[in-house]
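Chemist: Chain by chain, the residues:
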Amino acid sequence: MDLEFSEEQEAIRDMTRALLEEHSSVEIVRQMEDDPKGYPDALWKQMAESGLVGALVPESYGGGGLTLLDAALIYEEIGRAMAPVPHFVSGVISAGLLLEAGSEAQKDEWLPKIASGDAILTPAWLEPERGYGEEGVQATATADGGEVVLSGTKLHVNYAGAADRLIVLARGDAGVDLFLVDPSSSGVTLTHYLSQSAEPHYKVELDGVRVPADARIGGAGTGWASYGTVLHQGIILLAAQAIGGAARCLEETVDYANTRVQFDKPLGAFQALAHYMADASTRIDGGRVLVHEAAWNAAQGRSIARFAPMAKLFCCTAYQETTRACAQIWGGVAFTIEYDTQMFFRRAKELQLSWWDVPYLEELVAKDVLDG
Amino acid sequence: MDFDLSPEEQKFSDEVEQWLVEHHDPVVMDHHRENFSQLSDTPERRAFMKKLADKGWLGMSWPKEYGGQEIEGVYEFILNEALSKHAAPQIGKGVGIIGKTLIRHGSDKLKQEFLPKILTADVEFAVGYSEPQAGSDAANMQLKAEKVEGGWKLNGQKMWTTSAHFADWYWVGARTDPDKKKHDGLSLFLIPMDHPGLEVQSLPTIGKDTTNQVFFEDVFVPDDYLVGERGRGFHMISEALDLERFTMFTLSPITNRTDLLVDWVKQAKRDGKPLKDDPQTRKTIANIATDTAVAKALSTRFICAAMKGGKPPTIQSSQYKLFTTTLSQRVCDEALDISSAAGTIREGQELAPLLGRFEGAYRATMNETVGGGASEIQKNIIARRHLGLPKNF
Ligand SMILES: Cc1cc2nc3c(=O)[nH]c(=O)nc-3n(C[C@H](O)[C@H](O)[C@H](O)COP(=O)(O)OP(=O)(O)OC[C@H]3O[C@@H](n4cnc5c(N)ncnc54)[C@H](O)[C@@H]3O)c2cc1C
Chain P
0 MDLEFSEEQE AIRDMTRALL EEHSSVEIVR QMEDDPKGYP DALWKQMAES
50 GLVGALVPES YGGGGLTLLD AALIYEEIGR AMAPVPHFVS GVISAGLLLE
100 AGSEAQKDEW LPKIASGDAI LTPAWLEPER GYGEEGVQAT ATADGGEVVL
150 SGTKLHVNYA GAADRLIVLA RGDAGVDLFL VDPSSSGVTL THYLSQSAEP
200 HYKVELDGVR VPADARIGGA GTGWASYGTV LHQGIILLAA QAIGGAARCL
250 EETVDYANTR VQFDKPLGAF QALAHYMADA STRIDGGRVL VHEAAWNAAQ
300 GRSIARFAPM AKLFCCTAYQ ETTRACAQIW GGVAFTIEYD TQMFFRRAKE
350 LQLSWWDVPY LEELVAKDVL DG
Chain L
0 MDFDLSPEEQ KFSDEVEQWL VEHHDPVVMD HHRENFSQLS DTPERRAFMK
50 KLADKGWLGM SWPKEYGGQE IEGVYEFILN EALSKHAAPQ IGKGVGIIGK
100 TLIRHGSDKL KQEFLPKILT ADVEFAVGYS EPQAGSDAAN MQLKAEKVEG
150 GWKLNGQKMW TTSAHFADWY WVGARTDPDK KKHDGLSLFL IPMDHPGLEV
200 QSLPTIGKDT TNQVFFEDVF VPDDYLVGER GRGFHMISEA LDLERFTMFT
250 LSPITNRTDL LVDWVKQAKR DGKPLKDDPQ TRKTIANIAT DTAVAKALST
300 RFICAAMKGG KPPTIQSSQY KLFTTTLSQR VCDEALDISS AAGTIREGQE
350 LAPLLGRFEG AYRATMNETV GGGASEIQKN IIARRHLGLP KNF
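First to last, the protein sequences are chains P and L.
Counting from 0, one number per residue, gives the positions in the first sequence under numbering that gives the first Met the number 0.
Counting from 0, one number per residue, gives the positions in the second sequence under numbering that gives the first Met the number 0.
Derived by calculation from the structure, the hints in this document are not laboratory data.
All values derive from a computational prediction rather than experimental measurement.
One should not assume that every hint holds.
The calculated DSSO-like cross-link candidates involving lysine-lysine, where the alpha carbons are at most 30 angstroms apart (straight line), are [to be verified]: (1) P:Lys366 <-> L:Lys282; (2) P:Lys264 <-> L:Lys390; (3) L:Lys50 <-> L:Lys84; (4) P:Lys348 <-> L:Lys295; (5) L:Lys180 <-> L:Lys390; (6) P:Lys366 <-> L:Lys295.
Covered stretches of chain P (chain L as the covering partner; in silico rule of three or more C-beta atoms under 8 angstroms from a C-beta of chain L) [as the list claims (entries may be wrong)]: (7) 263-274; (8) 283-295.
We treat Cβ as the ideally placed atom computed from N, Cα and C, and that holds for glycine.
Chain P extracted, bound-state conformation (with noise of 0.2 angstroms):
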């Protein structure tokens, strides 16, 4: 046993976390909330000359080929420093359906465009009064010679204002299957609305779209099995995202407990409040080997059907009720704009509901322990 990191592993971590504090600052990440791109052009450019937009492509396109426990590193960082990027939507989900399931034409033509930064790729999956579940994709995909149309509304669509193609889920006579769309096709209206996170969230409307056949990802009705391997591995890196964003968040109340003065005593001299950030820490750092272990089982090869829905939900719990008794620590301040509690605050509450929620995560967990 033994919970270091590899040297090279630990000049990612050093390299992502200098890139970040530099083109990550709260200023920009303050810059770009409700901005319905969403993100700086050269936090987007650094990260993509860094390798850090492709790390998980593989090498032979044009990517770093890092693992998934390299890449927990990074989301940490992207965690900590809130950084507003397509990175998940693009360069884990959309990049991760190609590698699970694209043909050699489309990996060919996307995987180099997405590793470079140059195309941005999101899916459009969740849709109104619908779940997380396969029942909850209800688009319609309908063959009409050799063409497909589909119809449908998605929400939480992130980043769609600025992507390339949309991966939209719509089921076809097999089940769901998953296409390539590109948003500016007619029959699809982009609509920017806005968020908790203040993150980008697009409504996408298909309208009768026609996309060719070979726009379809995979074999019909692989659709959904593709998508919860894919986002299986990628729930690790948003519970690795949680902890970032929780230790960063305690990290600065920390400090301010040491600082400010009530009752003649810095704050943190009231064990009320010092037992909150013991608890907090105590969450974050079992929450982060946790994590760690989800990402070596992966890149070990091995199953993830149980830690990765365990990491996601307890360090997403983590970070939501780290941010919890921050606010609380920080007093009226943290209510207010100015001060960056409530960036945590509005971040944890968001990521936790997203990508699948405390229940639905429940339930993989428990359909793993008991229906096994």
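Following the hints, put chain L with the ligand in place on chain P, whose structure we already have.
Modeler: Leaving out everything else, chain L with the ligand in the frame of chain P:
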């Protein structure tokens, strides 16, 4: 990064596992004792400890010159986890606290007298730190040790001395230097448990075991039986805790209980329907299983820190103990909630689900968040030493 045991460690773990299966003894390995098998003073338990000694599994991490194997502490961790997984008695305070302190600070006489007996499991100890006025604040011990001709005269009272009713020797902290600062006025003594002037009074608990109060009336201890240097008692006590990190609080009983609950839920029925299909139960199980994985992660974290050597992994062990003991109680609580009214049936009766394992465990685990450094004390340590917050008590 590697979450697996090394091949040598795995080999040892497999060997212990196989040995425990082969030497299964339902009297000694009683899961209903909830991690306290080492406290049951039966001939079977003593015989079992002799067998562990014969295997060379007592004192593995001790220096060779004292009969040890100078093996890394992780092997004792593996052994203790395996023992507690099988509900067998663990290797205990003789090999740990007392042996290791004597090796570092004891006189040749004390080493010769005690170390061989510890390795052969021929001596049982009781540890007496706590007193009515010295609980979490262990340095506040008031048991009076007065210098007399040739030794010391002890008067006062100890609280919570587990095993005092069957131990052979008493490892006791007492105040030899009342004029010095609280932490510098204590010394450690070894006293035969049957010494005249020692009176052991049982304190029954809601767990399976009794603990004790011990009263001292003019108990004479010869100079030779003051351990190490006079006035260094508290420092040796703290150091022994650090040396004992590998075996401090085992995880296996908790993972066992989580597994047991899962297996039970899988086949139990309520109103004719499988309990495992109940949404509330599924939610509970998912969270307990997840938190059990986190407890394991925190255990791995502190064992890895301990294996690195150097500074004792105080923070890691505090986080581990805080999280794990809280979870341990929660598992029992949730198990009783899942059992519903049947959870009220007292342990040991056929009518109870799982023979009342969780009713018993609910009681037995009550003290886990208090003994061995209460949760609040762990949080104080984490707040100050890990986060760098001001002293808050
Ligand atoms: C079954 C059993 C077996 C035991 N076996 C032994 C044994 O063999 N040998 C031995 O020496 N001792 C033994 N103990 C004693 C055990 O170590 C003490 O119970 C423990 O140290 C707590 O002390 P206390 O019970 O006096 O509680 P107290 O110290 O009075 O604590 C009461 C409460 O106050 C809190 N508290 C105390 N100080 C602080 C602080 N600074 N900040 C915040 N909260 C605080 C505690 O966390 C706790 O919640 C045993 C106890 C039991 C119940």
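Chemist: For each hint, tell me whether it holds in the structure or not.
Modeler: Right, here's what the structure says about each hint:
1. P:Lys366 <-> L:Lys282: Answer holds: P:Lys366 to L:Lys282 is near 10 angstroms, not above 30 angstroms.
2. P:Lys264 <-> L:Lys390: The given pair, whose Cα atoms are some 11 angstroms apart, holds under the 30 angstroms limit.
3. L:Lys50 <-> L:Lys84: Holds, at about 18 angstroms.
4. P:Lys348 <-> L:Lys295: Given pair P:Lys348, L:Lys295 holds - Cα atoms ~26 angstroms apart, limit 30 angstroms.
5. L:Lys180 <-> L:Lys390: 19 angstroms, holds
6. P:Lys366 <-> L:Lys295: 21 angstroms, holds
7. 263-274: Per the Cβ count (8), the hint holds.
8. 283-295: holds (count 8)
This entry satisfies every hint, going by the numbered hints stated previously.
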